[in-house]
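*Asks:* Going down the list, the protein sequences come from chains L and H. So in full-length UniProt numbering, spot 117 of the first sequence is number 117, and the numbers just go up one at a time. So in full-length UniProt numbering, spot 182 of the second sequence is number 182, and the numbers just go up one at a time.
If you're looking for bench data, these hints aren't it; they were derived computationally from the structure. Everything numeric in this text was worked out from a predicted model, so none of it was measured. Hints may contain errors.
Said to hold, decoys possible - Estimated spans, in silico, between C-beta atoms of each pair:
1) L:Ala-241 with H:Ile-179: 41 to 47 Å
2) H:Thr-64 with L:Ala-90: 51 to 57 Å
3) H:Ile-345 with L:Asp-214: 35 to 41 Å
4) L:Asp-214 with H:Tyr-229: 50 to 56 Å
5) H:Lys-251 with L:Asn-72: 37 to 43 Å
6) L:Gln-55 with H:Pro-139: 41 to 47 Å
7) L:Ala-90 with H:Gln-356: 30 to 36 Å
8) L:Ala-93 with H:Leu-337: 36 to 42 Å
Said to hold, decoys possible - To give an idea of the chain H side of the interface with chain L (calculated C-beta under 7 Å), a few residues:
9) Gly-182
10) Gln-185
11) Ala-333
We put the CB at the ideal spot given by N, CA and C, even for glycine.
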Amino acid sequence: MKKTIIAAGLASLLSTTAIAENIGVSMALFDDNFLTVLRNGIEEEANGMDGIDVQIEDAQNDVARQLDQINNFIASGVDAIIVNPVDTSATQAMTDAASSAGVPLVFVNRQPVNVDTLPDNQAFVASNEIESGTLETFEICKMLRAQGFGGGARAYVMMGELSNQAAVQRTKDIEDVLGMDMCNFIEVIDQQTANWSREQANSLMTNWLASGEDFHAVIANNDEMALGAIQAMKAAGLDMADVVVGGVDATQDALAAMQAGDLDVTVFQNAGGQGSGALNAAIALANGEEVDQKVYIPFELVTPANIGDYLSQN
Amino acid sequence: MADQTSHGIGGLTYDKSKRAWPNEANVFIALVLIILAFEALGQILPYMNSQSMLFDFNTNRDGTILNVARIKIVILQVSIIGIISLGVTQVIISGGIDLSSGPLVGAAAMIVMSFGQTELVNGQINPKAVFGPWAFDLPVIVPILAGLSFGALIGCVNGSLIAFTRIPPFIATLGMFLICRGISQWWTKGQPVSFPTEQFAAIGSGMMPVVWFALLAVLLFFIMKFTVYGKHTYAIGSNEDAARMSGINVKRHKVLVYMIASMLAAFAAIVLSSKNLTAQAGMGQFYELYAIAMAVIGGVSLTGGRGSIVGTVLGAMVFGVIQSGFTFIKLDAFYQLMAMGTIIIGAVVLDQYRQQRSMAG
Numbered sequence: 001m002k003k004t005i006i007a008a009g010l011a012s013l014l015s016t017t018a019i020a021e022n023i024g025v026s027m028a029l030f031d032d033n034f035l036t037v038l039r040n041g042i043e044e045e046a047n048g049m050d051g052i053d054v055q056i057e058d059a060q061n062d063v064a065r066q067l068d069q070i071n072n073f074i075a076s077g078v079d080a081i082i083v084n085p086v087d088t089s090a091t092q093a094m095t096d097a098a099s100s101a102g103v104p105l106v107f108v109n110r111q112p113v114n115v116d117t118l119p120d121n122q123a124f125v126a127s128n129e130i131e132s133g134t135l136e137t138f139e140i141c142k143m144l145r146a147q148g149f150g151g152g153a154r155a156y157v158m159m160g161e162l163s164n165q166a167a168v169q170r171t172k173d174i175e176d177v178l179g180m181d182m183c184n185f186i187e188v189i190d191q192q193t194a195n196w197s198r199e200q201a202n203s204l205m206t207n208w209l210a211s212g213e214d215f216h217a218v219i220a221n222n223d224e225m226a227l228g229a230i231q232a233m234k235a236a237g238l239d240m241a242d243v244v245v246g247g248v249d250a251t252q253d254a255l256a257a258m259q260a261g262d263l264d265v266t267v268f269q270n271a272g273g274q275g276s277g278a279l280n281a282a283i284a285l286a287n288g289e290e291v292d293q294k295v296y297i298p299f300e301l302v303t304p305a306n307i308g309d310y311l312s313q314n
Numbered sequence: 001m002a003d004q005t006s007h008g009i010g011g012l013t014y015d016k017s018k019r020a021w022p023n024e025a026n027v028f029i030a031l032v033l034i035i036l037a038f039e040a041l042g043q044i045l046p047y048m049n050s051q052s053m054l055f056d057f058n059t060n061r062d063g064t065i066l067n068v069a070r071i072k073i074v075i076l077q078v079s080i081i082g083i084i085s086l087g088v089t090q091v092i093i094s095g096g097i098d099l100s101s102g103p104l105v106g107a108a109a110m111i112v113m114s115f116g117q118t119e120l121v122n123g124q125i126n127p128k129a130v131f132g133p134w135a136f137d138l139p140v141i142v143p144i145l146a147g148l149s150f151g152a153l154i155g156c157v158n159g160s161l162i163a164f165t166r167i168p169p170f171i172a173t174l175g176m177f178l179i180c181r182g183i184s185q186w187w188t189k190g191q192p193v194s195f196p197t198e199q200f201a202a203i204g205s206g207m208m209p210v211v212w213f214a215l216l217a218v219l220l221f222f223i224m225k226f227t228v229y230g231k232h233t234y235a236i237g238s239n240e241d242a243a244r245m246s247g248i249n250v251k252r253h254k255v256l257v258y259m260i261a262s263m264l265a266a267f268a269a270i271v272l273s274s275k276n277l278t279a280q281a282g283m284g285q286f287y288e289l290y291a292i293a294m295a296v297i298g299g300v301s302l303t304g305g306r307g308s309i310v311g312t313v314l315g316a317m318v319f320g321v322i323q324s325g326f327t328f329i330k331l332d333a334f335y336q337l338m339a340m341g342t343i344i345i346g347a348v349v350l351d352q353y354r355q356q357r358s359m360a361g
């Protein structure tokens, strides 16, 4: 009698593990607004499905901790792993660990350095970072032209964390757009980092204002910094109608600032879409299906003209 | 006692002939030298077109020969960390250290802002609401009290651990560092908390952070200089055993010291979240280290018993001048941290050197 109960119990255990797919997720860090939306995208997508269990861990921006988490996932026998890499140049070891154990792996949001040599059961889901800074800067360029500054305009550039790939890429996008014939009337007065932070951007902008230079635009690598710049300019009594300010992310705070007429341009990166896309890719790989190795979720330009479409997105 | 003080260790005594001015004067001189260095760079560097950092002789934008906007931001940008450094100063003087203040700022900001949210944003319901409708548009005293009580609680735990279990302050507050960062992330699962009420936004708007910093600095200056609390803090930091034997309730006093430090950090969080109109789980990163650095540059000794609020305020000014100076001379962002670190180390090395010379008698 006892044996049958145990056997039945074991059988039911086995059958549930056979049905439920376990996906391990290692996020670069939890206390980042954008990555939180992405993480929620994974969780919501998983909650909407039957038999998908996700276990999400926080690598706390520590490369070594992230690799440990991946090895722990492999050891506990997950069906697939999603990694939001802390350091995009440290991904080869993760690829090797997962592929030698035969566990499918999906990189999300940040492009791994070995993206072109990923094994068949690994994929990369993100938005193409080149789009964001380009969309933002080109729109600012068009706005300045439309306001009659085509003969010459001056701009400040706020960079994110200098070690971050997105910051490097977006800053390069700005330089590239400002190098185009149509936009080379814009001169960059100074470019500095405010580490993605509203508080630091507020201080940086106030410092710039103290030098009394004439300027027409502030191009920031993200919305938080754009908002910090706006707060500083308003505190100094500037009319926000006279300055074109752009950011990236289309956060709720940024959209509210756009509705109030302070922020002119932002770019929506579909974080939730990346999260759900990564989960779907991971499940497909776990089931042995074919998946595109690079899945790009497009960036979308947000201006006062189309802001209504985005108010409930992030 | 007028000429000799027992603040030294190992029989080293204060020698008036070798030490003609107070320690704070060193920091002040360093501050002036750094300002002069930036002014000189403004004249020398070819791309600067002979601009001045703190003066404005030509355009006269503010109606004075001073560049008022620059002077304001020099102080404004260090006011919030400055508030934390006031509390850290008295912790270090008591012979301890507080590493938890930065993450405490993050956690307190999240908690505070959750009680300070407004209902309508551009006519719609606040998209970042943490609680239900009952928490919208509460009187401003509610978030303030929530923040200060949280600070008091954390400080009480820090102080009690250090006083009663005798674990080193570095370890106790390192643990609290992690706990507070955890709390700030857990509170809204990483989501930012935004859109405060107008009353709440007024706390940190404009130059208000400077006003708070100045008021609290004056208050702490009097407490440390003229009250029993201050004297006991110095006594414990100089020689804890002697302080205990002379009848000071060292344990209770330590709990108080850490409570005051954490409440100041929580108040900094109130001002910070109000100024930025948002609270984010990552707020306050490195604030604990900058607060400690401000105190140390201001002449507060990590071995305890020595330092002052005036020194710390000057140390904060040094930070502000350096930060503004870097932007003024358009120093490439990649070099700023290296330069900042070098200046911090240099300032303390110089101070140590002077002290050893003055005490070597």
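*Asks:* Going back to the hint list, which numbers does this structure go against?
*Replies:* Going through the list in order, the structure violates hints 7, 8, 9 and respects the others.
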